[in-house]
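The sequence shown begins at 16 in the working numbering and counts up one residue at a time.
Source of the hints: derived by calculation from the structure; they are not laboratory data. A few of these clues could be false.
Derived DSBU-like pairs: lysine-lysine, alpha-carbon spacing no greater than 35 Å straight-line [as the list claims (entries may be wrong)]: (1) Lys93 / Lys158; (2) Lys63 / Lys77; (3) Lys195 / Lys206; (4) Lys91 / Lys158; (5) Lys112 / Lys77; (6) Lys195 / Lys330; (7) Lys35 / Lys63; (8) Lys330 / Lys93; (9) Lys332 / Lys91; (10) Lys91 / Lys63; (11) Lys332 / Lys316; (12) Lys69 / Lys332; (13) Lys77 / Lys158; (14) Lys93 / Lys69.
Bear in mind that the values here come from a model prediction, so they are computed numbers and not experimental data.
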Amino acid sequence: MTLMEETAFPFNAVRRVIEKAGSITILSHLNPDPDAIGTALGIYTLLKEAGIRKIEVVNASKELPRHLDFLFGYAKIKEKIDYEHSLIIACDCGSIKRLGFDLEGRTILNIDHHQSNDLYGSLNVVRPAYASSSQVAFELFRKIYTISAKSAECFYAALLSDTRYFTTSSVNARVFDAAKEMVEIGVDPSKVAYHFTQRRSLSSFRILQRALGSLQLYADARIASLYVTREDIAATGATVPDMDGIVDYARSLATVEVAIFAMELSDGIRISLRSKGFDVNAIAAEFGGGGHRVAAGITFKAGNLQQIIDTIIAKIKETGLIDGKKK
Numbered sequence: 016m017t018l019m020e021e022t023a024f025p026f027n028a029v030r031r032v033i034e035k036a037g038s039i040t041i042l043s044h045l046n047p048d049p050d051a052i053g054t055a056l057g058i059y060t061l062l063k064e065a066g067i068r069k070i071e072v073v074n075a076s077k078e079l080p081r082h083l084d085f086l087f088g089y090a091k092i093k094e095k096i097d098y099e100h101s102l103i104i105a106c107d108c109g110s111i112k113r114l115g116f117d118l119e120g121r122t123i124l125n126i127d128h129h130q131s132n133d134l135y136g137s138l139n140v141v142r143p144a145y146a147s148s149s150q151v152a153f154e155l156f157r158k159i160y161t162i163s164a165k166s167a168e169c170f171y172a173a174l175l176s177d178t179r180y181f182t183t184s185s186v187n188a189r190v191f192d193a194a195k196e197m198v199e200i201g202v203d204p205s206k207v208a209y210h211f212t213q214r215r216s217l218s219s220f221r222i223l224q225r226a227l228g229s230l231q232l233y234a235d236a237r238i239a240s241l242y243v244t245r246e247d248i249a250a251t252g253a254t255v256p257d258m259d260g261i262v263d264y265a266r267s268l269a270t271v272e273v274a275i276f277a278m279e280l281s282d283g284i285r286i287s288l289r290s291k292g293f294d295v296n297a298i299a300a301e302f303g304g305g306g307h308r309v310a311a312g313i314t315f316k317a318g319n320l321q322q323i324i325d326t327i328i329a330k331i332k333e334t335g336l337i338d339g340k341k342k
């Protein structure tokens, strides 16, 4: 079943697949952001509170966003799947490859909001119009199970992060309605905001300084690039979560239409693309990546950092952006 249209959620189908499962594994994508972690923990918490005993929450990455450790269940996140034939609930992941595990033969409930989601699930609940995967999960599960303050806090944290504090183009009345309902359930917005704004690591400042030092402008300052090398990361002690949001500094420049941030990691080069309206998801798709219209990503297994940036810039120029066109 596929659900990408603005139609009713498949509440009964989701309930049946969960009730039928002997065990459940909740997964989120590699190098998870707060939406991935918050959605996974929100679902884990509500199912745990519903009395499901054989349930685990797993992420294949070694580094998780440390400022999310206040969320219920954070300490339960494992790197390894222990249940052999469990139902997989995939959170905030557009491609099965980004989950990091061999899931052949598994029943998968795919909950996401990425435009580029390839609908790999046995049951797909994918809403590209929604601001976060946590919003999708919240609106789905609130009609099936009781959502406690602990679960709502996880969903709210994810929503706050993926909307960049309710500033992205995906924010609408429905987003605020969901946030309002979460607060009415018991979420303390000031507590969540504190953990996002007052717990920055020193290494995140040091890596930001290095990234800003690499700033380059192209196409009459309509395109901006930033990057960090493996040496930068080693010297500052930064982790991937420490670099979340760096690309937005480049996009915030008045003249910039498209921003590129490249991280040279031990297992390849990870690219973040952001725009002020231009369809960067289409650009990312050209290189095997994906995401949303104004926020997308690409991973290259190998290559020269500057050459990859130059190749992406050339592709952006081909679209006609420098002529003032927005695709």
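Taking the numbered hints from earlier one at a time, note which ones the structure violates and give those numbers from smallest to largest. 6, 8, 9 and 12
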